[in-house]
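S.K.: From first to last, the protein sequence lines stand for chains A and B.
First residue of the first sequence: 1, per our numbering; consecutive thereafter.
First residue of the second sequence: 1, per our numbering; consecutive thereafter.
It is worth saying that the hints were derived from the structure and are not from the lab.
Source: prediction; values computed, not measured.
You may find that some hints are simply not true.
[As the list claims (entries may be wrong)] For the chain B half of the interface with chain A, some residues (derived, Cβ under 8 Å), not all of them:
#1 18
#2 93
#3 109
[Claimed, not checked] Facing chain B, from chain A, some residues (calculated, C-beta under 8 Å):
#4 21
#5 22
#6 29
#7 33
#8 101
#9 105
#10 107
#11 109
#12 110
#13 111
#14 150
#15 178
#16 179
#17 267
Beta carbons are placed, not taken as given, at the ideal position from N, Cα and C, and that holds for glycine.
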Amino acid sequence: MSLSPSARSPKYAAFSLRRVFAMVLRHSYLLATSWPRLLDLMYWPAVQMLMWGFLQIYVSQNSGAVVQTATTFIGAVMLWDVLFRGQLGFSISFLEEMYARNMGNLMMSPLRPIEFVLALTIQSVIRLSIGMVPVSFLAIWFFDFNLWGMGLALAVFFMNLLLTSWAIGIVVSGVLLRHGLGAENLAWGLMFLMLPFTCVYYPVSVLPSWLQVVAWTLPPTYVFEGMRALLIDHVFRADLMVQAFALNAVLFAAGVAVFLVLLRSARREGTLLQGGD
Amino acid sequence: MLAPAPSPIAIDRLVKRYKTVTAVDGISFTIEAGSCTALLGGNGAGKTTTISTIMGLVEPTSGHVTVLGVEMPRHRHRVLHRMNFESPYVNMPMRLTVRQNLNVFGMLYGCDDIAGRIRTLSEEFDMGEFLDRPAGKLSAGQKTRVAVAKSLINDPEILLLDEPTASLDPDTADWVRGRLEHYRRERGATVLLASHNMSEVERLCDRVIMLKQGKIEDDDTPAGLIARYGRSNLEEVFLDIARGTGEAREAAQ
Numbered sequence: 001m002s003l004s005p006s007a008r009s010p011k012y013a014a015f016s017l018r019r020v021f022a023m024v025l026r027h028s029y030l031l032a033t034s035w036p037r038l039l040d041l042m043y044w045p046a047v048q049m050l051m052w053g054f055l056q057i058y059v060s061q062n063s064g065a066v067v068q069t070a071t072t073f074i075g076a077v078m079l080w081d082v083l084f085r086g087q088l089g090f091s092i093s094f095l096e097e098m099y100a101r102n103m104g105n106l107m108m109s110p111l112r113p114i115e116f117v118l119a120l121t122i123q124s125v126i127r128l129s130i131g132m133v134p135v136s137f138l139a140i141w142f143f144d145f146n147l148w149g150m151g152l153a154l155a156v157f158f159m160n161l162l163l164t165s166w167a168i169g170i171v172v173s174g175v176l177l178r179h180g181l182g183a184e185n186l187a188w189g190l191m192f193l194m195l196p197f198t199c200v201y202y203p204v205s206v207l208p209s210w211l212q213v214v215a216w217t218l219p220p221t222y223v224f225e226g227m228r229a230l231l232i233d234h235v236f237r238a239d240l241m242v243q244a245f246a247l248n249a250v251l252f253a254a255g256v257a258v259f260l261v262l263l264r265s266a267r268r269e270g271t272l273l274q275g276g277d
Numbered sequence: 001m002l003a004p005a006p007s008p009i010a011i012d013r014l015v016k017r018y019k020t021v022t023a024v025d026g027i028s029f030t031i032e033a034g035s036c037t038a039l040l041g042g043n044g045a046g047k048t049t050t051i052s053t054i055m056g057l058v059e060p061t062s063g064h065v066t067v068l069g070v071e072m073p074r075h076r077h078r079v080l081h082r083m084n085f086e087s088p089y090v091n092m093p094m095r096l097t098v099r100q101n102l103n104v105f106g107m108l109y110g111c112d113d114i115a116g117r118i119r120t121l122s123e124e125f126d127m128g129e130f131l132d133r134p135a136g137k138l139s140a141g142q143k144t145r146v147a148v149a150k151s152l153i154n155d156p157e158i159l160l161l162d163e164p165t166a167s168l169d170p171d172t173a174d175w176v177r178g179r180l181e182h183y184r185r186e187r188g189a190t191v192l193l194a195s196h197n198m199s200e201v202e203r204l205c206d207r208v209i210m211l212k213q214g215k216i217e218d219d220d221t222p223a224g225l226i227a228r229y230g231r232s233n234l235e236e237v238f239l240d241i242a243r244g245t246g247e248a249r250e251a252a253q
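Let the sequences and hints guide you as you build the complete structure.
M.R.: What follows is the structure in structure tokens.
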């Protein structure tokens, strides 16, 4: 059987880095011309870091068992921001297309869903870097806390948290495609559902035993436990990180599957051109 | 012997239902290469759903849609780089300049010489004056010109146009129609147009498919329809069909 002319065309490619780059470029153009957007990327991480940093100083001035955990507040809030801002960077880039009523143009173009998702992950890293890198230096200046001092462990924490944030971001994007901007609040609030169970500021042992089971199904829990082990006991728990990566692989695959199901549903319901509420 | 080339657009017993509403109810038609066909009908007749199905944005409930011989929406990625569209339902990112927008879409569509293509389109659509202005700061007429330019960025073989001259003053609308006519002639492109502007349809199209409540009500050349309905222009024919006016319909039959 011979291929149709369209299938033979060099422009018909299953995957194109050029299309990914086009989407990254589109969002970079947007960021470069909008200082309120740039400022917003740094504003909340800086406020959070300052608030938790001063709280850490206050608690550290007291004695007792809680002090050890309290010394991890700045690290915890910064890693939480990696998780939260990573997802937000992904979801907001997606929302920008809906705000601009550009989704129809993209869905009608040769851009493939996987290329779109990849562009959003890159954009998430760019947005996160713009927000977090200056804040990490502020933490050194204000509180003598050097996030970069975690070295390789930081890279492993970072990768795990980003994978979780992208998985959630992909699901949120699918819901937005299917249900329009009426579901916008999910982009801002869904990650907070994880906050109490991933034990950002306290050890897993604090939770009732049945909730501990829930906590250990969430990849970020392993990262925050690993961070406490590193900052308090000065031990890098590779076992925790391996488990986090395994769970993230499952979560990411599930996120992509849910996105594709929702995209198909959006095609069935004709919501790709709408995007309203 | 080579097999004949497939119709650029072929629709076979297309049905699209949204829950309890039937937007398109078993329509079939094919469109000849290089032709300009209008899809006409009142609001809710099924025009946008039909065009969205051809673009692969909507999945049929039943029936088949093939574009350049490829089943939509299943294999849409094999042909999307060979088609394009313009619709009032979508915008281009407002903060990006016209040049940045066209650059991004040029890359998405796999254009080879994007700068050259933008230069050509800029000359053809007289966009030089506002090429580096944000798309959100353009007048309605300028925005439409940019949208049409975007729809031609990849030199498409199939062009789908939904109300291409809506919100334009008569002079600019006439000018845009001239550009579209020129493009179709030069490129030999196949154009499918949804419009409520009957004079536009009479000028641009060599075939009219009239939709009503999701079904094809009539299908002929503009002149053929006007003659059969005993009317002096397409607008009167449209009203006859939309209102189901008895005498004219009987005369047409």
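S.K.: Next, verify each hint and record whether it holds.
M.R.: Results for each hint:
The closest approach between the C-beta of residue 18 of chain B and any C-beta of chain A is roughly 6 Å, which is under the 8 Å cut-off, so the hint is satisfied. Hint on residue 93 of chain B holds. Least Cβ distance to chain A is approximately 4 Å, under the 8 Å limit. For residue 109 of chain B, the shortest C-beta to C-beta distance to chain A is roughly 6 Å, which falls under 8 Å, so the interface hint holds. Residue-level restraint check for residue 21 of chain A holds (minimum Cβ-Cβ distance to chain B is 7 Å; threshold 8 Å).
The restraint placing residue 22 of chain A at the interface with chain B holds, with a minimum CB-CB distance near 3 Å, inside the 8 Å limit. Of the supplied interface hints, the one on residue 29 of chain A holds, with its beta-carbon coming within about 5 Å of a beta-carbon of chain B, less than 8 Å. With a least beta-carbon distance of about 5 Å to chain B, the hint placing residue 33 of chain A at the interface is held under the 8 Å criterion. Residue-level restraint check for residue 101 of chain A holds (minimum Cβ-Cβ distance to chain B is 4 Å; threshold 8 Å).
For residue 105 of chain A, the shortest C-beta to C-beta distance to chain B is roughly 5 Å, which falls under 8 Å, so the interface hint holds. A distance limit of 8 Å between C-beta atoms decides the matter here; for residue 107 of chain A the minimum to chain B is near 6 Å, and the interface restraint holds. Checking residue 109 of chain A against chain B: minimum C-beta separation of about 4 Å stays under 8 Å; hint holds. For the restraint placing residue 110 of chain A at the interface with chain B, the shortest Cβ-Cβ distance is roughly 4 Å, inside the 8 Å limit, so the hint holds.
Look at residue 111 of chain A: its Cβ gets to within about 5 Å of chain B, closer than 8 Å, so that hint holds up. With a cut of 8 Å, the hint placing residue 150 of chain A at the interface with chain B is violated, because the nearest CB-to-CB distance is about 37 Å. Contact between residue 178 of chain A and chain B, as hinted, is not supported at the beta carbon level, the nearest pair being about 13 Å apart and thus beyond 8 Å. Because the beta carbon of residue 179 of chain A sits about 15 Å from the nearest beta carbon in chain B, more than 8 Å, this interface hint is broken.
At about 4 Å, the closest approach between the beta carbon of residue 267 of chain A and any beta carbon in chain B falls short of 8 Å, and the interface hint on this residue holds.
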